[in-house]
Amino acid sequence: MKNKTNIVLIGFMGSGKTSIGKMLAEKLGKRFLDTDELIRQECGMEISEIFHKFGEEYFRNKEKETVERAAAREGTVIATGGGVVLNPENMEKLRRSGIIVWLRASEEEILQRISGDASRPLASNKSESEILEIYSKRLNLYATYADIIIETSGKDKEAIAIEIIKHLKNSYSNNGKYGNIIGEFQRVRQMKVKIINGPNMNLLGLRERDIYGESTLEEINQHLEKRAREMGVLVDFFQSNSEGEIVDEIQGCIGQYDGIVINPGAYTHYSIAIRDALEAVKLPVIEVHMSNIFAREDFRRVSVTGQKASGIIAGLGETGYWLALLALKDLIEKRGREGVNEFGKN
1 MKNKTNIVLI
11 GFMGSGKTSI
21 GKMLAEKLGK
31 RFLDTDELIR
41 QECGMEISEI
51 FHKFGEEYFR
61 NKEKETVERA
71 AAREGTVIAT
81 GGGVVLNPEN
91 MEKLRRSGII
101 VWLRASEEEI
111 LQRISGDASR
121 PLASNKSESE
131 ILEIYSKRLN
141 LYATYADIII
151 ETSGKDKEAI
161 AIEIIKHLKN
171 SYSNNGKYGN
181 IIGEFQRVRQ
191 MKVKIINGPN
201 MNLLGLRERD
211 IYGESTLEEI
221 NQHLEKRARE
231 MGVLVDFFQS
241 NSEGEIVDEI
251 QGCIGQYDGI
261 VINPGAYTHY
271 SIAIRDALEA
281 VKLPVIEVHM
291 SNIFAREDFR
301 RVSVTGQKAS
311 GIIAGLGETG
321 YWLALLALKD
331 LIEKRGREGV
341 NEFGKN
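This note's numbering puts the first residue of the sequence shown at 1, with every later residue one more than the last.
Quick caveat, the hints were computed from the structure, so don't treat them as lab data.
Incorrect hints may appear among the rest.
What the hints assert, rightly or not - Simulated crosslink set (DSSO-like; lysine-lysine; CA at most 27 Å straight-line):
| hint | residue 1 | residue 2 |
| --- | --- | --- |
| 1 | 22 | 334 |
| 2 | 166 | 334 |
| 3 | 282 | 93 |
| 4 | 27 | 126 |
| 5 | 155 | 27 |
| 6 | 192 | 169 |
| 7 | 334 | 157 |
| 8 | 137 | 27 |
| 9 | 192 | 329 |
Work the whole structure out from these sequences, hints included.
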């Protein structure tokens, strides 16, 4: 079984799981995942619309599938829907994956936050007494599953996030039952990026020095690895003259890497296979070219692969790789803050 490195936030609707979860993830430098948001993305509609169109049973089944995927991750702050505790299977999976934190808000604050909120299907058309009845029925479940209880009433989200971290650190320093959470978060928090180079890049230092410079690929990789360490990023390098091997390497990034920097070489201009692989893995990608391909021969001015990149850096020599890594790091961190759920590293 994997180490319990997730922090799972439970609590009634309106308790602040999403906003506090994002703040907590940002402070710990980790990914954030919102199970309700993932369901919204997959279904292409709001939760209230899912309830109205397909019913609560359909939603709970989708929620169960989403929880299973979320629980398989490591080092992630997971915000759950208010009703996730209704299914013991959900909570067993989440409990095995990490520590359960109940964000407990007062009845007054809950009513203030959710009354008349049309986006919340179980609250939009209910009176205050009906909302509190649902809340009271779930209180025992929240209490049963919680490892840590955090009172949220009257506190801002940053203060709550800091309080959660203090709870975890205190247990860690006292060798408590949650001791591995902070340690494991710190162990897995390093961002991981794959650097891929395509055909003939192994001849750098020999080929067309007036265009590509005198540094070998090995020297460029050494410089880039040093830069990456300074940025707190772990990088792995791959070079191949084979289209199929490059496609395999891109596909192998699923679940292992947070993003890709790629120089596809000549494949840039015509490889649909590499383009499709970049699209399929759903990772942030920066394409880099040592020469300015847009100022060269006509056939080099088209980037088929770049159509699936977040950005293209060209014409800056080996400096382009470092700038690509810098840009990619910013993209990955932004995705983590926004809770984008793709196929990135667990």
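Within 27 Å, alpha carbon to alpha carbon, are residue 192 and residue 329?
-> Satisfied, since the Cα-Cα distance of roughly 9 Å is no more than 27 Å.
Regarding the pair residue 27 and residue 126, is the alpha-carbon distance no greater than 27 Å?
-> 36 Å, violated
Would you mind confirming whether the straight-line C-alpha gap from residue 166 to residue 334 stays at or under 27 Å?
-> 25 Å, holds
CA of residue 192 to CA of residue 169, is that 27 Å or under?
-> With a Cα-Cα distance of about 25 Å, the restraint between residue 192 and residue 169 holds, given a limit of 27 Å.
Taken at face value, is the distance from the CA of residue 334 to the CA of residue 22 at most 27 Å?
-> Holds, at roughly 11 Å.
If you draw a straight line from the CA of residue 155 to the CA of residue 27, is it 27 Å or shorter?
-> 17 Å, holds
Are residue 334 and residue 157 close enough, with their CA atoms no more than 27 Å apart?
-> Cα-Cα ~19 Å, so holds.
Take a quick look at whether residue 137 and residue 27 sit within 27 Å of each other, Cα to Cα.
-> Given that 27 Å is the threshold and the Cα spacing comes to 33 Å, the pair is violated.
Holds or violated: are the alpha carbons of residue 282 and residue 93 at most 27 Å from each other?
-> 26 Å, holds
The structure is inconsistent with the numbered hints 4, 8, although it conforms to all the rest.
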